[in-house]
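Novice: Hey, can you work out the whole structure from these sequences and the hints?
Top line first, the protein sequences correspond to chains A and B.
Note that the first sequence covers residues 7 to 422 in the numbering used here.
Note that the second sequence covers residues 7 to 422 in the numbering used here.
Please note: incorrect hints may appear among the correct ones.
Heads up, the list lumps identical chains together, so a pair's fine if it works in one copy or across two of them.
[Stated by the list, open to error] Computed cross-link-like contacts, DMTMM-like style, restricted to lysine to aspartate or glutamate with a CA-CA straight-line distance of at most 20 Å:
1) Lys95 / Asp74
2) Lys24 / Glu379
3) Lys419 / Glu246
4) Lys419 / Asp320
5) Lys131 / Glu144
Rather than coming from a laboratory, the hints here were simulated on the basis of the structure.
Just so you know, these numbers come straight off a predicted model, no measurement behind them.
Residues per chain, in single letters:
Protein chains: 2
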Amino acid sequence: MFRVILIVGDGMADRPVKELGGRTPLEVAYKPHINELARNSVLGIWDPISPGVRPGSDTSHLSLFGYDPRRYYSGRGPFEALGVGADIKPGDVALRGNFATVDDDLIVLDRRAGRTLPENQELVKYLNDNIGFVDGVEVKFYSATEHRVAVVLRGFALSSDISDTDPHEVRAKVLSSKPLSNDENAVRTADIVNKLTLMTYKLLKGHPINEARVKKGLPPANIILFRGAGSISYIPKLQEREDIIVNRCLAVSATAMIKGVCRLVGFEVVTPSGATGGVDTNVISKAEEVLKAYRNGYDFIYFHLKGTDAASHDGNARAKIEMIEKLDRAVGHLLSNLDLTSTVLAITSDHTTPTSVKDHTGDPVPVMIYSPELIGDGISDFSERSARKGSLSRIRGSDLMYTILDYANRVNKFGA
Amino acid sequence: MFRVILIVGDGMADRPVKELGGRTPLEVAYKPHINELARNSVLGIWDPISPGVRPGSDTSHLSLFGYDPRRYYSGRGPFEALGVGADIKPGDVALRGNFATVDDDLIVLDRRAGRTLPENQELVKYLNDNIGFVDGVEVKFYSATEHRVAVVLRGFALSSDISDTDPHEVRAKVLSSKPLSNDENAVRTADIVNKLTLMTYKLLKGHPINEARVKKGLPPANIILFRGAGSISYIPKLQEREDIIVNRCLAVSATAMIKGVCRLVGFEVVTPSGATGGVDTNVISKAEEVLKAYRNGYDFIYFHLKGTDAASHDGNARAKIEMIEKLDRAVGHLLSNLDLTSTVLAITSDHTTPTSVKDHTGDPVPVMIYSPELIGDGISDFSERSARKGSLSRIRGSDLMYTILDYANRVNKFGA
Numbered sequence: 007m008f009r010v011i012l013i014v015g016d017g018m019a020d021r022p023v024k025e026l027g028g029r030t031p032l033e034v035a036y037k038p039h040i041n042e043l044a045r046n047s048v049l050g051i052w053d054p055i056s057p058g059v060r061p062g063s064d065t066s067h068l069s070l071f072g073y074d075p076r077r078y079y080s081g082r083g084p085f086e087a088l089g090v091g092a093d094i095k096p097g098d099v100a101l102r103g104n105f106a107t108v109d110d111d112l113i114v115l116d117r118r119a120g121r122t123l124p125e126n127q128e129l130v131k132y133l134n135d136n137i138g139f140v141d142g143v144e145v146k147f148y149s150a151t152e153h154r155v156a157v158v159l160r161g162f163a164l165s166s167d168i169s170d171t172d173p174h175e176v177r178a179k180v181l182s183s184k185p186l187s188n189d190e191n192a193v194r195t196a197d198i199v200n201k202l203t204l205m206t207y208k209l210l211k212g213h214p215i216n217e218a219r220v221k222k223g224l225p226p227a228n229i230i231l232f233r234g235a236g237s238i239s240y241i242p243k244l245q246e247r248e249d250i251i252v253n254r255c256l257a258v259s260a261t262a263m264i265k266g267v268c269r270l271v272g273f274e275v276v277t278p279s280g281a282t283g284g285v286d287t288n289v290i291s292k293a294e295e296v297l298k299a300y301r302n303g304y305d306f307i308y309f310h311l312k313g314t315d316a317a318s319h320d321g322n323a324r325a326k327i328e329m330i331e332k333l334d335r336a337v338g339h340l341l342s343n344l345d346l347t348s349t350v351l352a353i354t355s356d357h358t359t360p361t362s363v364k365d366h367t368g369d370p371v372p373v374m375i376y377s378p379e380l381i382g383d384g385i386s387d388f389s390e391r392s393a394r395k396g397s398l399s400r401i402r403g404s405d406l407m408y409t410i411l412d413y414a415n416r417v418n419k420f421g422a
Numbered sequence: 007m008f009r010v011i012l013i014v015g016d017g018m019a020d021r022p023v024k025e026l027g028g029r030t031p032l033e034v035a036y037k038p039h040i041n042e043l044a045r046n047s048v049l050g051i052w053d054p055i056s057p058g059v060r061p062g063s064d065t066s067h068l069s070l071f072g073y074d075p076r077r078y079y080s081g082r083g084p085f086e087a088l089g090v091g092a093d094i095k096p097g098d099v100a101l102r103g104n105f106a107t108v109d110d111d112l113i114v115l116d117r118r119a120g121r122t123l124p125e126n127q128e129l130v131k132y133l134n135d136n137i138g139f140v141d142g143v144e145v146k147f148y149s150a151t152e153h154r155v156a157v158v159l160r161g162f163a164l165s166s167d168i169s170d171t172d173p174h175e176v177r178a179k180v181l182s183s184k185p186l187s188n189d190e191n192a193v194r195t196a197d198i199v200n201k202l203t204l205m206t207y208k209l210l211k212g213h214p215i216n217e218a219r220v221k222k223g224l225p226p227a228n229i230i231l232f233r234g235a236g237s238i239s240y241i242p243k244l245q246e247r248e249d250i251i252v253n254r255c256l257a258v259s260a261t262a263m264i265k266g267v268c269r270l271v272g273f274e275v276v277t278p279s280g281a282t283g284g285v286d287t288n289v290i291s292k293a294e295e296v297l298k299a300y301r302n303g304y305d306f307i308y309f310h311l312k313g314t315d316a317a318s319h320d321g322n323a324r325a326k327i328e329m330i331e332k333l334d335r336a337v338g339h340l341l342s343n344l345d346l347t348s349t350v351l352a353i354t355s356d357h358t359t360p361t362s363v364k365d366h367t368g369d370p371v372p373v374m375i376y377s378p379e380l381i382g383d384g385i386s387d388f389s390e391r392s393a394r395k396g397s398l399s400r401i402r403g404s405d406l407m408y409t410i411l412d413y414a415n416r417v418n419k420f421g422a
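Specialist: Structure follows, in structure tokens:
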């Protein structure tokens, strides 16, 4: 069995960029180490979900790790909560929430409490300090961007089969959450969410922060509206899966959502100092963490670089090229410190984020897999274009994980 | 409609072999007939299950014949029984078993009765002669390698949803099989398996073979421990399927497991004299059987060659090359005796068995399909590498069977 290092440039794949003369950032970037490895690798293109379907970072990562997202993805609530660093277990119910403004009759005046809410974290801490439990169920709020929060309910016999309290329009009254089935657990959970809604109102309406906001002419953040209840179905950890053989898994990432998904499927997670998730991230310190894990005997190491996606969402092709060149230097650092006779190394992107679109698209992404047991395709450039000619051809979804692990001799036989 | 001959070199596909200068046995082998046919064929690569997933011989053959193994494969019990020549029907429950050594309190002293058990067949015959039925359910034991057996239960209202009697450790007591659901049939089947376990103990403990073994200082084979209960779900025979048109199907093979799967899906099976399943097999006599069936009007003929896999499991690249060259001569013999204006001929491998790994891997395998109605790809060499450039591209699972039958005009329309 070989050890595996999987390297992902988040949103690294692109479409031809006009200002680059119709080439992509990956084609333009100076990346001698990646190209040298490419020459000895098999190349191909990979559809993170299926052709044309635009992946989220959550669904594409489930897929990347060999979990069919159509089976295991359970809605935005729990994954948004993962994205803000929540710890979620099967059985928990997670909801998305907004700080909002209501009047004394609970009529919604502003669904986003003005949208700008620098006091978000402070208010979330206040709620957590003063609620804790509702009817024996543990309640934990997590602060997100602007007016957004996530909440996780943990306890026995909960169900996410409940409706929103968010009326999704202004001048409407806050809704009562209702069970969407006859399930007792849903009846109970809806009741808890309704109680929780009133508690947020009672705690927030007279809070000094809101008094100050009103004085400044800003809408008070005096209630939380809930929507998108979901729970995570049982996901077997990588180590528990009978079809593959991986034991010690480590992920190096600075991105909350990715770290959440990684933990969910059984990775230990480390964020090295200087790793920011942005274009200013320290890539070499990430490579150092990878090497440390490699020396310590981890058999599956995931190296995630967010900066390429951040540059793409900004529509900044130049910054993206720079990130890819940083990644190349990190790959070079790895290559000179790894034993390539017993290591499988794969490089890909979790989805395409064209700098022209500034968002994820459903295009296939290039992938390259180096294995000591394979003769490479001899393609000495790694890009969206060159990978189309590779011998891996076009594979999809969780096929990639199995293909990588197969070349590392870590897939168990299906059948006899 | 054309007639179809499907030729499989078991485990024929390989990875680059160091001692062959990085080429594969298929690349190195002298195979003028296969290559001549390749030039007029369409080529491609095929994933027996899906990319990266390592197939067993059973699952890959289900797939090869157009049956999704994720739907039809029902665990090792029944397929292991098929592998030792058992006749299994839907509704039967099959279990794997070990001859084991227990003391008077049914504490397991040796789960394998010393592992070496040349008396296996004789003891199995004794059990079959003296048991026959338990509670109206027919019981038949089949001898397997070393200490292993398979048992098939046949009768109404059986269920494989039961636990093992094998405690899977020594110094533990033989377990009681328990129903794993509330299903009445499971309760009844567990009860039968428990009675059967005690019967094997009563019959075996005083058997002269065991008395002789004890005298020689060998552990007596005085009970059978059962595990892995499974049953085969209903599998429509090829002839019964409404999506394809095949009538008379013949398989030429010398391998018990393959013959079992072939029978299960509707093939008549023949093992010509001199066919051994090993590297010493007489390939020309197999080709003769194919030609006989062809002249007798069979419309789907399967030609299975095991020797390539046997050589691979031994890690013997030279023997593998020799087997491929034998196969080539058999193909030559076929080509000079077939009417190629009305015959579709496909050559592939059921999975990759790299001589470096000595076991099946999940790599894609090359496939070539000759049809009188197709213009070939003009690729005059059939190998793992060349097939990547073929026009079939990369297909998976049961797609191959449909593709072959489509080129023989034997697929019914889906829709109007």
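Novice: Decide, hint by hint, whether the structure agrees.
Specialist: Okay, the hints, checked on the actual structure:
Taking the shortest alpha-carbon separations for Lys95 and Asp74, only the intra-copy value of 18 Å comes in at or below 20 Å, while the best inter-copy value is 33 Å. Taking CA atoms no more than 20 Å apart as the test, Lys24 paired with Glu379 passes between copies only; the shortest distance there is 9 Å, against 39 Å inside one copy. Proximity of Lys419 to Glu246 under the C-alpha cut-off of 20 Å is restricted to the intra-copy arrangement: shortest distance 16 Å within a copy versus 30 Å between copies. Taking identical chains as interchangeable, the C-alpha atoms of Lys419 and Asp320 lie at most 20 Å apart only when they sit on different chains, with a minimum of 18 Å there against 45 Å within one chain.
In this homomeric assembly, Lys131 and Glu144 come within 20 Å of each other (Cα to Cα) only inside a single copy, at 15 Å, whereas the closest approach across copies is 63 Å.
Violated hints for the displayed structure: none, as all numbered hints are satisfied.
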